[in-house]
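**Student:** Residue numbers (my numbering), protein chains in the order written: chain C, -16 to 376; chain D, 15 to 316.
Keep in mind that the hints were calculated from the coordinates and are not lab data. This structure is a prediction, so every number in the text was calculated from the model and none was measured. There could be a bad hint or two in this list.
To spell it out: a stretch of chain D is covered by chain C in this simulated footprint if at least three of its residues, at any positions, have a beta carbon under 8 Å from a beta carbon of chain C; those stretches are [stated by the list, open to error]:
| hint | region |
| --- | --- |
| 1 | 31 to 45 |
| 2 | 110 to 122 |
| 3 | 206 to 216 |
All C-beta atoms in this analysis are idealised placements derived from N, C-alpha and C, irrespective of residue type, glycine included.
Letter by letter, the chains look like this.
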Amino acid sequence: MTESSGHIAENIAHFAGVLRRAGVPVGPRQVLDAIEAVQVAGIRSESDLYWALHTTLIHTQDMREIFNQAFHIFWRDPRMLERMMAMMLPELTLPPEEPEEQTSRRLAEALLNQENTPVQEPEPDVEIDARETMSAAEILRTKDFEQMSAAESAEARKALSRLHLKQDKVLTRRTRPSSRGPLIDMRATLRASLRGGDIIPLKRRERRHRPPPLVVLCDISGSMSVYARTFLHFLHALTNDRDRVHTFLFGTRLTHVSRQLRHKDVDDALSSVSKAVEDWDGGTRIGETLRRFNVDWARRVLGQGATVLLVTDGLDRDGAEGLEPEIARLHRASRRLIWLNPLLRFDAFEPKALGIRTMLPHVDEFRPVHNLASLEDLVASLSAPEKKWPAAA
Amino acid sequence: MTISLPASIDETAALLSSGAYVADRSLATVLFLALKMGRPLFLEGEAGVGKTEIAKVLASALGRKLIRLQCYEGLDTAAAVYEWNYQAQMIEIRLAEAQGVEDRNVLAKDVFDDRFLIRRPLLQALEPDVNGPPVLLIDEIDRTDEPFEAYLLEVLSDFQITIPEIGTVKAAEPPIVIVTSNRTREIHDALKRRCLYHWVDYPDAERELEIVRLKAPDAAEDLSRQIVTFVQALRERDLYKQPGIAETLDWANALTQLNAVSLSESNINDTLGTLLKYQDDIAQVRGSDAAQILDELKTAAE
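Just chain D, same shape as in the assembly (with noise of 0.2 Å):
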């Protein structure tokens, strides 16, 4: 039994919320189109703002099988595409040769057959899936390099793959492609341009004020509005890495496990390691800016 795709925007954002995911207008609108055009989506962003989180919503939300690709440098076929089985392999040979097969194209044949291949993520997605085609997400693609960049070029727009030992595996139904980049280095134009585009960015304060209600229910109304404010307040502030959404409730949950009910600089200064992971900003931020974030906190709720 397969969900169907959203018809419209407003079905999309009401998809993605359906799934605890808040996501704004532009969001929908982008997701909606890739999923209409059957184009893979190319999400990039600063780290911790919600990119991967959106591949796995959307499939939970279709009931769609998740196939994920975690990248890395010298990702190669065998650990993306496909392997073949060398020790089934080698028995087979074993086997036939005991059998007395002489034929070593009949061998050939037997051996490079459906059997020894052992799937990796990519050839899965291109398989058919009885609640429809999967949810492919290649994260962090700028972890790995261009040779592999350049492989997912004919994947990414034709959809199929080609082994060389069978020929063409070509997907009935093309997968739901999410591919994410926190952008430590520039992706090749020609790959952005076989997706549609999105970057993602940090929340405002009334949508990450609604993400940490979701997600952390258990934080007192007035921290949550505390939390949100000083995080949408620090991320003015020159820092090397700003704190993302994760961070966000990340610290909303170390908050809450202290029981705190509000800000104050004491149980800023102890958890200020969920929230900043670079040590310049923690002795930035725990030396100046918290005490005065937290006045201009005060003084505006006064």
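For reference, chain C alone in the conformation it holds in the complex (with noise of 0.2 Å):
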């Protein structure tokens, strides 16, 4: 018996090292509890077996493929799984650290200190298509912002760090110790009773004010990204500057990158954020971005009366198609909708492009975003003093 179950720990340790390698975070308090699991269930067949190590090792819902996978190669053949690491599930495997890497790259940025962004692809063709409905002097103008964006780079950052978004706040149910809120709290205003005087004071509270959680969907299309690469500096200022800040980038495709853009430095965090997004510079499908957007992650993100930003150029390769009732369902599940469109910045702008003129009814606010004086702009929409607002549908 114990030699038995000490050969089943061994291997379950030994597994849970695999797991852990293949990026799912198991502690040693989780691996005792599966050999707990193990020994207490009794394991009479895989399913058991399957199950007791699930439920004590597995505690996210989209570990459970990982999971899966690795648990039927490991249990069958415990060695076959080490030999296959490596080539079978690179994309399981945590990219391990490059300092030597970084460091290079960011010199050679440095020197550089031109268009150099971490990611450099070739240019694909949809992005022509992208940019059709642009005349070549916004384009133009487009590369002007860039520049001016490569040049200011250190003061940009250091300005970009500094935005905090202080004022936005919505009342919440929970209450604070006050002197003159409208909230009487008996417990301490009793407490201070009995220490004395014939005159009880009463002790008072009023509501707390927190930030609502931020959602932000931003294009990284080939129109948008310029602008959408310093957004993400911007963006992962606001991260790390408050809680619940969920951010999505799209093109062709949705990529969920709040995690990405929790790194603490700035550089690590956009490199693995373009290292999880596959379609930059390409073409952009709003409405079916959108959809899946309310489909898959509204339900999760936007239930605490999120602020969304849409960060977006409108110019949609589908011609629309399918994003009118996209947008309206996006726009009636947040609190508030703020979309940020950088064309904004040509003065002579009107919205013709299809996508502008089905998206522009539905939202809340319409800003521009091309600079930081722009951004300085959203800051202070962002945190002005609420407003009145639409009742969320």
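If you follow the hints, you should be able to join the two separate chains into one complex; please do so.
**Tutor:** This is the structure in structure tokens:
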């Protein structure tokens, strides 16, 4: 008994190690739990073993598939997995830290000081597709913007990290002590009364304020890429400044990058973001990606009165197909929907593109985002005391 | 008289089915482990897959008291753990003063006494019960906020609660804890780690049919079969909210009330509101999907 359980314990520890290397966070506590669970359950079938390990080692729904794959390979032949790990599950292995490569890239960037952004991929053909609604002059101006940001890069970054959304707060149902609050704290009042005196001082509380969740949907298609990359710096500062910031990037597909942006170091964060995203500089399918957001994420991240920032130029490759119901739904589900459009920087901007015309009626606010000044405006707007919003659907 | 806990996975499965809950093997395994290891069970899954039901069935099958804590934003200790009965305390102070008690320490001792403590669900769950430790259901924990989650850490790992005026209350025997979440936000890892985790999925066709037979016995056999096939097909579609088991049962009951013996386009359209809860979904299904699935149903039957 002891010998066999010792053997299984060893195997479980080994298996936990495999999961850990596959990116599943497994702590020693869980390994002990797993060993206990397996002994308690008295394993008689593979399925029992599977569920005993599953319930103790896995704590999030999205890790289930990794567990499933790892389980079936491992418990058939533990050594098999070892050998296959390197080649079979490349996407499951955490990328090894490469500090030297990082520094050299940063060094190269610093030396070149030009358009050397973390991701350098050949510009795909579809980009022309997405840009065809823009005139040549506009493209030129885009270039200007990038050069400008390169020149002022250091200053811009400093400024970006200073942008805090101090006032963007909503009332919560939690209270805190306050001398003039509208609520009476009976417990504190009673305690105070025991301290003496004939007059019982009323202790008061008020409702606490808290920033609402912020959900950012940022377009990273070809026509948007230069803005998006600058904006990512801003998002990084935001993510590290407050909790509950959820960031999604979209071109032809939707990618959730909140976790990547949580790296403290902005270069690390942006490089892991670019690894996670597969559709940089491609076309845009706004309707389709918004639908994915509405179906897969809206219920999970919009639940608590989120402010939604939608960053896109509204130039849709699908010709705004299926966009109307999705943007309407997004609007109904969010407390406040702000559309940031870099095209607004052009004075002669008129909402001509079909996508823009479709989306415009469904946003609470429409603002430019093309330089630091406009980001500062955005911050000011987000920080403004709450005005009347249409009730969320 | 306490009913003893199941001694094996098979017995756990039998216990659940005695309470008219059709569980698959994975759930029985996890539940057995939670009972045996004395750990809270964290159940996550879409709305309407029977998470809350597990706790109810468990309580009734084991003959334990069910204590339910429904979570909401701003849930605080006064509503979840304990509160002092201020009115009674005030009266006590007045009485004491009338009797000439001057020593405030004595007064404080009298006032912060067990008699004036109002017990809320979490504190109740730590108290001994003649039928054995109760089943504590912490329902929809994703609706509350992080501060309450953090508070739960102490309760769920040590099964003890600290009341500053009295001291620490510890459960002699830990309660059976079931925590459910609809995943409208992610719950912090620290809390999940103290629990055994299980994702409750939609059931497969076979199990769903079993559930419908059990819970909607009035529905004709053919109708039940069609309902389950239809709902299963619907879950393959791209909908905002897929129907859960609760919706399937509502639908079966609605159709039975209308004396339907089989599905038809008209009775589907009439009763779709019991199955789908979003206007966009209803419009999509009513338009084309319903007819299409119905066609598939018919060809499969032939």
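**Student:** Cut-off 8 Å, C-beta pairs, minimum 3 residues; does the coverage of the region 110 to 122 of chain D by chain C stand?
**Tutor:** holds (count 3)
**Student:** Taking beta carbons only, do three or more residues of the region 206 to 216 of chain D come closer than 8 Å to chain C?
**Tutor:** Coverage by chain C holds for the region 206 to 216 of chain D (6 residues, Cβ < 8 Å).
**Student:** Mind taking a look at whether chain C covers the region 31 to 45 of chain D? Criterion is 3 or more residues with CB to CB distance under 8 Å.
**Tutor:** holds (count 4)
Of the numbered hints given earlier, the model fails none.
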